[in-house]
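Engineer: Chains as they are written, first to last, in numbering that gives the first Met the number 0: chain P, 0 to 696; chain D, 0 to 296.
Everything labelled a hint here was simulated from the structure, so no lab data went into it. Even for Gly, the Cβ is constructed at its ideal location relative to N, Cα and C. One thing to keep in mind: the hints can contain errors.
As the list claims (entries may be wrong) - Have a look at the derived ranges for each label pair, beta carbon to beta carbon:
{"no.": "1", "chain 1": "D", "residue 1": "169", "chain 2": "P", "residue 2": "417", "range": "36 to 42 Å"}
{"no.": "2", "chain 1": "P", "residue 1": "183", "chain 2": "D", "residue 2": "171", "range": "42 to 48 Å"}
{"no.": "3", "chain 1": "P", "residue 1": "406", "chain 2": "D", "residue 2": "14", "range": "43 to 49 Å"}
{"no.": "4", "chain 1": "P", "residue 1": "474", "chain 2": "D", "residue 2": "230", "range": "38 to 44 Å"}
{"no.": "5", "chain 1": "D", "residue 1": "85", "chain 2": "P", "residue 2": "417", "range": "55 to 61 Å"}
{"no.": "6", "chain 1": "P", "residue 1": "175", "chain 2": "D", "residue 2": "14", "range": "32 to 38 Å"}
{"no.": "7", "chain 1": "P", "residue 1": "183", "chain 2": "D", "residue 2": "14", "range": "27 to 33 Å"}
{"no.": "8", "chain 1": "P", "residue 1": "541", "chain 2": "D", "residue 2": "213", "range": "55 to 61 Å"}
{"no.": "9", "chain 1": "D", "residue 1": "213", "chain 2": "P", "residue 2": "262", "range": "48 to 54 Å"}
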Amino acid sequence: MKTTNILFEIGLEEMPARFLDDTEKQLHVKTIEWLDSVRLPYQKVETFVTPRRLAVVIEGLATKQEDMEEEARGPAKKIALDQEGNWSKAAIGFSKGQGKAADDIYFKTIKDTEYAFVKKYTEGKTADQLLSGFKDVILSLTFPKNMRWSNGSLRFIRPIRWLVALNDQTIIPFEIAGVKTSNQTYGHRFLGGKVVVDNPLNYEELLNSQYVIADAKKRKALIKEQIKELEKTNGWIIPEDQELLEEVSQLVEYPTAFFGSFSQEFLTIPKEALITSMKEHQRYFPVLNNEGELLQYFVAVRNGNDQHLNTVAKGNEKVLKARLSDAMFFYQEDQKQSIEQNLKKLERMVFQESLGTISDKVNRVVKLTSKLADLIGADNSTKENAVRAAQISKFDLVTNMVNEFTKLQGVMGEKYASLFGENEHVAKAINEHYMPRHANDALPQTTEGAIVSVADKLDTIIGCISVGIIPTGSQDPYALRRQAMGVLQILQDKNWSITIEELLNVTQDIHQPLEIATNTKEEVNQSVSAFFYARAAYILKEEGIEQDIIEAVLANGIANLTFTIEKAQLLAEKRQQDSFKPVQEAFVRVINLAKKGKDTGVNIDLFENKQEQELYERYEEIKKMFMKQIQLFEANEAMMSLEELTDSIHAFFDHTMVMTDNEAVKKNRISLLNQIESLMLEFADLSKIEWKQQFSS
Amino acid sequence: MNIQEMILTLQKHWSDQNCILMQAYDVEKGAGTMSPMTLLRSLGPEPWNVAYVEPSRRPADGRYGQNPNRLYQHHQFQVIMKPSPDNIQDLYLDSLKKLGIDPLQHDIRFVEDNWENPTLGAAGLGWEVWLDGMEITQFTYFQQIGGLEAKPVAVEITYGMERLASYIQDKENVFELEWTDGVTVGDIFYQPEWEHSKYTFEESNTTMLFDLFTTYEQEAKQTMEKGLVFPAYDYVLKCSHTFNLLDAKGVISVTERTAYIGRVRNLARAIAKLYVEERERLGFPMLKEEGKQNENN
Chain P
0 MKTTNILFEI GLEEMPARFL DDTEKQLHVK TIEWLDSVRL PYQKVETFVT
50 PRRLAVVIEG LATKQEDMEE EARGPAKKIA LDQEGNWSKA AIGFSKGQGK
100 AADDIYFKTI KDTEYAFVKK YTEGKTADQL LSGFKDVILS LTFPKNMRWS
150 NGSLRFIRPI RWLVALNDQT IIPFEIAGVK TSNQTYGHRF LGGKVVVDNP
200 LNYEELLNSQ YVIADAKKRK ALIKEQIKEL EKTNGWIIPE DQELLEEVSQ
250 LVEYPTAFFG SFSQEFLTIP KEALITSMKE HQRYFPVLNN EGELLQYFVA
300 VRNGNDQHLN TVAKGNEKVL KARLSDAMFF YQEDQKQSIE QNLKKLERMV
350 FQESLGTISD KVNRVVKLTS KLADLIGADN STKENAVRAA QISKFDLVTN
400 MVNEFTKLQG VMGEKYASLF GENEHVAKAI NEHYMPRHAN DALPQTTEGA
450 IVSVADKLDT IIGCISVGII PTGSQDPYAL RRQAMGVLQI LQDKNWSITI
500 EELLNVTQDI HQPLEIATNT KEEVNQSVSA FFYARAAYIL KEEGIEQDII
550 EAVLANGIAN LTFTIEKAQL LAEKRQQDSF KPVQEAFVRV INLAKKGKDT
600 GVNIDLFENK QEQELYERYE EIKKMFMKQI QLFEANEAMM SLEELTDSIH
650 AFFDHTMVMT DNEAVKKNRI SLLNQIESLM LEFADLSKIE WKQQFSS
Chain D
0 MNIQEMILTL QKHWSDQNCI LMQAYDVEKG AGTMSPMTLL RSLGPEPWNV
50 AYVEPSRRPA DGRYGQNPNR LYQHHQFQVI MKPSPDNIQD LYLDSLKKLG
100 IDPLQHDIRF VEDNWENPTL GAAGLGWEVW LDGMEITQFT YFQQIGGLEA
150 KPVAVEITYG MERLASYIQD KENVFELEWT DGVTVGDIFY QPEWEHSKYT
200 FEESNTTMLF DLFTTYEQEA KQTMEKGLVF PAYDYVLKCS HTFNLLDAKG
250 VISVTERTAY IGRVRNLARA IAKLYVEERE RLGFPMLKEE GKQNENN
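Pulled out of the complex, with its shape left as it was, chain P reads as follows (with noise of 0.2 Å):
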């Protein structure tokens, strides 16, 4: 088979570095998935992407499409043929249509009817006939943002400045805004020149020789390569940091490295502050030395080369000097306000509309977390904390470093509580109350930490709710979809014996008095209620349990998900077991007569038979045990103590008759199933859950 190699190359102005690796990946999808519809084989295809140019190498492509051999059906045999068995007008209309003529019909049978076929011969393309459809290709990339220019009317990432497409040396003939393709593209925009692509295997190495490193992964190990020679001649350590190496690498097409350093009087400022301010402006590493303190020094990445990097670091330093004189003038006013100077302005500073200023939130987040603190059995000193901690949460939001890096929210609030005397648990709580700040975060360490930011994060959900703000598709401005994770995983973590309803309930106490919902109570628990419940059943299932039993183990509402998550393995186990299909059939019928009626009491004198008697004593000395081991996480326990009802409700059922005519006697009989209800309720709604045994078996 002849082959060719193709180069597309489109040029354009600095696209911006956080697009460029999801761009890459969408060439290459796009650009196989062409090549497949177009039906040219290839050898390889290889993508490249600088922040002025994305291109495409193909390797060893077809010069031409396989010729292809088709059959057409057409009518059944019965229509092709006339009386006569003659061709009929419908089959040499057929025929035609396939550009053959009537004689070149055959028969074949499919599902026992006979239809007419012709064989269709097509003879493939060339490539060079197919090439100019990879514009299609290029208009096809999507941007998160597109723009406009000039005259045009294309939406795209940035400008096209040029277009290079090269079927081997001869030009792939095609036009996208104005811009004809060409064999020529453009260097580094100052180092390099405008040079003629000779062949696109070479495309990488001509790049290459005009200062332009064309693929992404090779800049950025020359980063890294840089930084650890910058590591190793100083003596420092430069932690690793992926997101900024990843944007570095897309910001520049001929990567030098090289370091600048500030004045030492800077490092009085929290370094945190100062990692920000050098990471978020200015895109610079932080410098460490070997017990991991901070240096005096920075570590950029110039797009050139390694000439006059002196007046450049020269440059950048002088910069840096500007944006930390900020950072210490801020550092210095801000501690001048006192904390109570700050919680006065949070007066002024709005939450939601609806929901009042960010003052009004502290005072019902205190409360919750007063509440909290006594629903989980804190001492003294730590409940005092965990409310001092949320009276003052939010008083670094008016300071100036977290006016200017928003980033820094309760990381400067722990620094500043501490300068103006606050205890150490005090002082973490502040920064901890926000954790965890997206997927994968670290959660609150300590007990005051998590409470608060439990209080913290309830008021905003529920508040949010309250008010009609229910996250829906991408729209979740208030993070309540995270928030929510946040509670569930820090009740996990800390293995708190309470549920989402009783901290509904405590949130509901706090918020009904102030009238700002615009919902009604019951609206807002059932909204809350299915909320959570979304949130811990995408939890239950990452850890692989199915929704049957998801839906079991949730049917009496959200607590600790370690005890839940074990409640379902354990199901999941059971029912691969003979042994579970009688349990579960015991408490299915104690389910569907339970719905007749509703606990009103028991009274054993109203009692007739010997097994409804034995049933009330056995749901009476296992009850107290039971609540014990639930409340102690004991999965495995608490399940076989229900297991130990089975007989005696089987038992009950073949010689009772609940729906007896006296009414009296049937009311007693429905209480004490809605009791035994309640109980399996606890550990989970057996009647949900599927029979897998035959399918193991």
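Starting from the structure of chain P, add chain D where the hints point.
Structural biologist: Chain D in isolation, oriented as in the chain P frame:
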């Protein structure tokens, strides 16, 4: 190179690119973008190439002349080209070379920075240009202005003159920059900086400013109803500056703030629409001229 020479150099450079050299607009404003020479003229199909220095007032940035980087009023050199030329990045880089900045000796980069001005219902995509890590220019392709789609697209280049000068002259304090031989920025601007800061943060008459805002707003609306675009727009600018004075004094709460911005935005949108209608009624005169030129070619 002193600031005066920088201005002359940039004016010559952009004049050579067929930009109309304009003078600063005579109503207070927060940025060169707000001059009608940019905001209104960037709308509609007529070609428009212009360059001018704009003194820009940012009351909240006033620091009594004590901060080496922040000013109540700084200077922007503003360039607008509509439609955006294909070689606009090269034209810009050439201007830096003329200011004595050799790209080979520095690290010049175009770093994504999308510009949005909710008060003006305006948005654009582009970059901040970094010179050895310092932001010296804002480079924007307008996509929307006054809530209307920008078509054709105008490109806006805004040089921060004091920033750029502090690099070129290697000075750390903006007041030490040379405006012209023997005259510094401090000589000219220290007193107004101090006085404007004092006025903005301590002395301004809040009640009067609130009243003025409403008065200007009403006048803008009335003038607009008469179809008088440019006078109406002057009052929008006055609204905007008055709002900035009140905001800097900290007398506008967060919720009120959104409402005020909304009021200015509504005016800006209405005027943008009116401007395009009026130009259309006049038959887009500058478009015709362009057409004639093309015919002659």
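Engineer: Falls inside 55 to 61 Å, the C-beta gap from residue 541(P) to residue 213(D)?
Structural biologist: At roughly 57 Å between Cβ atoms, residue 213(D) and residue 541(P) fall inside 55 to 61 Å, so the hint holds.
Engineer: Falls inside 42 to 48 Å, the C-beta gap from residue 183(P) to residue 171(D)?
Structural biologist: At 44 Å between Cβs, range holds.
Engineer: Go ahead and decide if the range 43 to 49 Å is satisfied by the Cβ distance of residue 406(P) to residue 14(D).
Structural biologist: For residue 14(D) against residue 406(P), whose Cβ atoms are near 45 Å apart, the range 43 to 49 Å holds.
Engineer: Could you say whether the range 48 to 54 Å given as a hint is met by the Cβ separation of residue 213(D) and residue 262(P)?
Structural biologist: holds, 50 Å
Engineer: Falls inside 55 to 61 Å, the C-beta gap from residue 85(D) to residue 417(P)?
Structural biologist: Once the Cβ atoms are compared, 57 Å apart, the range 55 to 61 Å for residue 417(P) and residue 85(D) holds.
Engineer: May I ask you to test the hint 32 to 38 Å on the CB atoms belonging to residue 175(P) and residue 14(D)?
Structural biologist: Holds: the Cβ-Cβ distance is about 33 Å, inside 32 to 38 Å.
Engineer: Is the hinted range of 27 to 33 Å satisfied by the C-beta distance from residue 183(P) to residue 14(D)?
Structural biologist: For residue 183(P) and residue 14(D) the Cβ distance comes to about 31 Å; the hint holds.
Engineer: Determine whether the Cβ-Cβ distance between residue 474(P) and residue 230(D) falls within the hinted range of 38 to 44 Å.
Structural biologist: holds, 42 Å
Engineer: Is the gap between the beta carbons of residue 169(D) and residue 417(P) within 36 to 42 Å?
Structural biologist: holds, 40 Å
Comparing the model with each earlier hint shows no violations; every hint is respected.
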